[in-house]
Structures are given as C-alpha cells and as structure tokens.
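2 protein chains.
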Amino acid sequence: MSKDNPAAPEQDDAAYDIVGIGNAIVDVLSKTAEDFLKVNKIHKGTMTLIEAEQADELYSKMGPGMEMSGGSAANTVAAFAGMGGRAGYIGKVSNDQLGKVFRHDISAVGVSFDTPPLEDGPSTARCLILITPDAQRTMCTYLGACVWIAPSDLNAEMIKSAKVTYLEGYLFDRDRAKQTFRKACEIASGAGRKVSLTLSDPFCVDRHRDDFLDLINDGVDIVFANEAEIFKLYETEDMNNIIHNLRESCETGVITRSDKGSLIVTPTEVVEVAAEPVAEVVDTTGAGDMYAAGFLYGYTRGKSAAECGRLGSIAAAEIISHVGARPQANLQELLKAKKAV
Amino acid sequence: MSKDNPAAPEQDDAAYDIVGIGNAIVDVLSKTAEDFLKVNKIHKGTMTLIEAEQADELYSKMGPGMEMSGGSAANTVAAFAGMGGRAGYIGKVSNDQLGKVFRHDISAVGVSFDTPPLEDGPSTARCLILITPDAQRTMCTYLGACVWIAPSDLNAEMIKSAKVTYLEGYLFDRDRAKQTFRKACEIASGAGRKVSLTLSDPFCVDRHRDDFLDLINDGVDIVFANEAEIFKLYETEDMNNIIHNLRESCETGVITRSDKGSLIVTPTEVVEVAAEPVAEVVDTTGAGDMYAAGFLYGYTRGKSAAECGRLGSIAAAEIISHVGARPQANLQELLKAKKAV
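Protein chains in written order, with the working numbering: chain A, 33 to 373; chain B, 33 to 373.
Rather than coming from a laboratory, the hints here were simulated on the basis of the structure.
Do not take every clue at face value.
Since the list can't tell identical chains apart, any single copy or any two copies may satisfy a pair.
Said to hold, decoys possible - Computed list of lysine-lysine pairs in DSS-like fashion (alpha-carbon distance at most 30 Å, straight line):
no.: 1; residue 1: K132; residue 2: K93
no.: 2; residue 1: K132; residue 2: K70
no.: 3; residue 1: K70; residue 2: K368
no.: 4; residue 1: K370; residue 2: K132
no.: 5; residue 1: K370; residue 2: K215
no.: 6; residue 1: K368; residue 2: K93
no.: 7; residue 1: K210; residue 2: K370
no.: 8; residue 1: K93; residue 2: K264
All of these numbers come straight from a predicted model, not from anything done at the bench.
Isolated chain A, as found in the complex:
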C-alpha cells in the first residue's frame, strides 16, 4: 500500500517483483457428480493429501481428465508474469513427462524457474481435482517429488533480489519443505524484503496452527487467507478479533470471501473490496491464487489497498470463468481494459 508500505515501490534494485515457493504440481481436472465425492468419502471444497496407491485408485475411478500445470504459488507467479510482472519460482518436480510439462508451462509465461528436477525419485506431484456441477473444486494431492524440496534448492540470490517472497502454507505439510520454507523467510527478511504467506486450506491451518502463528508473528508481512482459513487460524469468527490479531502480527492481512469480495486489513484501515462480476462461474480452482497475484502486482507497484484488492478481484474473476487454475486471457490486456493499471 502506498501509505503503509512506502518502501516497496522504491526497491528498484530488485530484479524480481516476486518469487513464489511452493509445491510444483500438475493438476488433473475432471468434472464429477456430487455423488462421487460422497461414495469416495472426500470432503468437498478442501485439499486432502493422498499417497501414490490412493492416487492410483482414485484416478482409476475418475472420469476423463484434463492435465494442466497447477500448484498454488506456481499459479500465482504464472499469473503475475502474465500481468507483466517479473517473477521467479522455486519448487521440485521429477525428471519425468509431467515434470517437463510443469517446467514448460511456467517458463513459457516468462517465470524464472531453475530448481533442479529430482532424479530417480517419486514422480512429479499430481492434484486430482474434482469439479462438481456447482463449480466447486475438491482436491486430492499426491505430493510425489514435492516433498524432496530442501533448503539447498533455494536460489538465495533470486530470493534476495525479489521485492516479495510468496510462500504457500501447503509446504507446511512435510518437514523438509517446512525447513525450506523457514530458510526462505530468513533469506528474504535478512535482505530487507517482504515475506507473504497464503494459508492455503483450512485443514492445513488446523494441522499446523501453532507453527503458522509463530511464523506470522515472526517474519511474515502479508497474509492471505479465505474466511474458513482465518477462522481456523485464530479460532474465532469474530471479525473485530481477527482484525486485531492481524494488526498485532503483520503489516497486511487479506481475507478473501468468494462472491462477497475481500477485506484488506492494514495498520490504519480496513478496506472492503467487491468481487468482480462473472457471467458464469465454471470452476473455482485457483481463485485464491489469482487474487494473490493481482493483489501483489498492485502491491509491488505501490498501489493503494483498494487498488490492490481490485486487481486481485479481476484476476480471480478470470480464472473462475473457465476450467483450470492458469489464466486463459491475456491478463495484461484485461487489466488495461478494466482500467485497473
């Protein structure tokens, strides 16, 4: 925000606007009847971690799929680059066909990605995404090569030269990834850069609440969460309480609320941003990732909280209007057409 964070836009020595660190995943998207979730006891709207055998079993029951690169932070940096920003990515794929697909797709939009692939280990991660007729997405993730990401995979120079290091909470689900996460925070903070975190999933928050709270208090500047996640984090649904907690622990808190828009909490204001209208919601996969991309695009350019929120809303509206978590529209042109940049 221009008022509360005058430093960000002036960090002109930065080679990157953001670097994202997360689970490098290829999505397998499939339209599914509601019943399929019930029969297979899958909790709608959430992300469940599954092992290789479970992934094979679920896949064998699923309908035909569509493969697209995914991964929460990867979606964010891909969209960020599509807006015209300078983005890098750190994440672990395997040296297999899906790993090459992931590398191609993120590189093709101009994101720097040089994490070496895993050789002779588990396959590239897959996220089986079941899209119900109400456009909700339910995810089952086999982490595969992702869990092999290690502190040695961090490109410290990239992190030091990025205005914002953006981390996904999903990394907390495995110890080696969590160490990598903490190390990245240290490098970024040590270089005087901003650290941003998305809470990723309410169950993920439940699993790692204390760790998340410590991290947010210690080194995170910008927190992204949807309502379910922020309620879980602070174990309250009282918004005044939540706003107070966010202000105590970080510079900016952003709460996304689906069609109700978003709420941006800064030290001096609470800004309500409306959701961007959408003709038809087709698939909500990636909505949070896109919002973060738009928000941070504005943030790294010194825009106001309201402007950052609007950029996030426009990007989110694009992604939910089609299947898949990577943008199909030219985001740079879209933002211009909406007079948002």
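Let chain A serve as the given structure and place chain B on it in line with the hints.
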C-alpha cells in the same frame, strides 16, 4: 441408413457397435497468435508430422499448454461411448505417464482398450495443437510409440464382433501401421462387418492417394472426408464427379463442410444436412471426429441418412464450443434434449 443398409441394425450378435483403430495420441493444446505459425513456417489448418527433436523445439517455443487425450479415431470412439454406444479401441501408447493418461481417459468413458503398451521404446505420441484466434487448429504430431503398432496388436475377436471397424487415414503415414490397417480391413470384411475410413487430412491424402483409392474400391463401406480431403482424393472440385466416384466405390460417402453442414451420398440419394448452430466457435479440434461418432451412432442403429447426419452435426457443435477434442457435455443427454435419438 435404414433403406440402403438394412443389415446393420440387425447384426445383433455384435458385441461392439464400433471399434476404432488409430494413432493413440495425447494432445497439447495451446492458444497462439497467427504470427507464431508464420514465423515457424507451419501450414495453418493442417497436420504436420514432426520428429522428436522438432517436437521438443516447437514445444519450447509454444505458450503454456493443456494436455488432453486425443487421436482422431480415439476421439470418435470416446464420443461414441459417451452417446451410450458400445465401442472398442486399438492403438499404441508407451508405458509412460502420458500413455497412462491416454489409457485412463478412454477407459473412463467405457471404451474397451487392451492394446499392450510399448515397453522401452519411444514415448507416447504427442500432438502439439496451436489454436489461433479464429478458432482454427493447426497440428504438429510426433508419432512416438504409435508407429510401433503392428498386425499382432489387432484384437481380431474385437474387430469381428464390431458392426463397424473405423480407421483413420493418418495410419497410412507409416508402413507398419499401414499393414496393420489393411489387416484390420481384412478381418472386418472377412467377418461380414462394415469398414469405415476417415481421410484425416488433405496432405495425408496427397501423400497416399493411390493407396487410399485402392482401399476404398476394395473394402471400405463408409468414407468420411471434408471438402479439402475429397477434392484431393479425386483431384477434382466438381461435386457431381465426386458423387459419381463415391457411388462407384463405396456404400456411403460423407462430406463435411464446416459451417455449411454436410453432404451424405448413398446409392440412391444425396442428403444435405445443415450444421448445428453454435453460440461461439472456440476451437475446431475434433470436429470431424465428433461428426463421425454421431453419424456412426445413428448408422449402427439403422437411422436414416438425414438422422445420422444430424447426430453428427450435434456432436460436432458440442466439440467446437470449447477447447479440446473430447466432449465435455453428457452426449447421451444432449442427444435426448435435441430429440435426435
């Protein structure tokens, strides 16, 4: 056609309505500017065969992609099964991730597919599909494992028990596949079944004109072609001439003409079928494959030429309204809603 082909619907000993034989391919679909085709000297609207190195080079230049199972005859049988028909498939994938994706997607819609995968050979075929802003698709195919299909891969029992064996002309591009193709025709004809052929691509017809003409004269009952392909086959654009040639050599000739609909040539009539209206043409990939699926669905149920053509047009309209060559709608419900079945 009920009048001209009274045998088809009465072959009730048939375990399958159709078995498709073709190149088993995973598509990589990517939206592209017109300029990209020019710069890379790719002939718009056609299919070009490329080797592994060319595929890697082209892929590295392409934008982000979306992977979906494809392959002309495979698209047709997948859609056929989606309409409620009984379909089998014969084609060669490799024992790799994309091969597993192909097998999953075709099996998930209920198509029988038991061709053993290639072990330790080239990778599963990929078709790089460039979609220009006018919704045209331009394809560059790396055949990989496909060219290893051999007569020994033919499931003779499946072919003998299918009312129609459906073959794609693309198989003619490699000798081993061509032998397999001929062998399949022999098995089907020998069992008193129908053989259907799609000409696939005008350049493919150019490359193999004499072979195609021999085959159509010898053993093919139903030919599918678009205008460019049939013009190339008979080296004329005179429709009376073409109709005469088709009647001389096969039972039914079907000529698809994009938004102008289709023309069905039987021994006794020439039926014009209108194209089904589409709100927005997004991607024409698979339009011909879908038309064939709808047409043959009607054909194997003894419908009239006009009814078969309408079923084809409805299926084609579904596929061009979204990206990718496999249906997203429930075709069975769609055909019912349109009162076409």
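Now for the hints, and whether the structure bears them out:
For a Cα distance limit of 30 Å, the shortest separation of K132 from K93 qualifies both inside one copy, at 26 Å, and across copies, at 14 Å. Taking identical chains as interchangeable, the C-alpha atoms of K132 and K70 lie at most 30 Å apart only when they sit on different chains, with a minimum of 26 Å there against 34 Å within one chain. Taking identical chains as interchangeable, the C-alpha atoms of K70 and K368 lie at most 30 Å apart only when they sit on different chains, with a minimum of 28 Å there against 43 Å within one chain. Proximity of K370 and K132 under a CA criterion of 30 Å is satisfied in neither setting, with 35 Å inside one chain copy and 42 Å between copies.
Taking the shortest alpha-carbon separations for K370 and K215, neither the intra-copy value of 39 Å nor the inter-copy value of 60 Å comes in at or below 30 Å. Taking CA atoms no more than 30 Å apart as the test, K368 paired with K93 passes between copies only; the shortest distance there is 26 Å, against 43 Å inside one copy. In the homo-oligomer, the alpha carbons of K210 and K370 never lie at most 30 Å apart, since the shortest distance is 39 Å inside one protomer and 54 Å across protomers. With identical chains, the CA atoms of K93 and K264 are never at most 30 Å apart, being 32 Å at best within one copy and 44 Å at best between copies.
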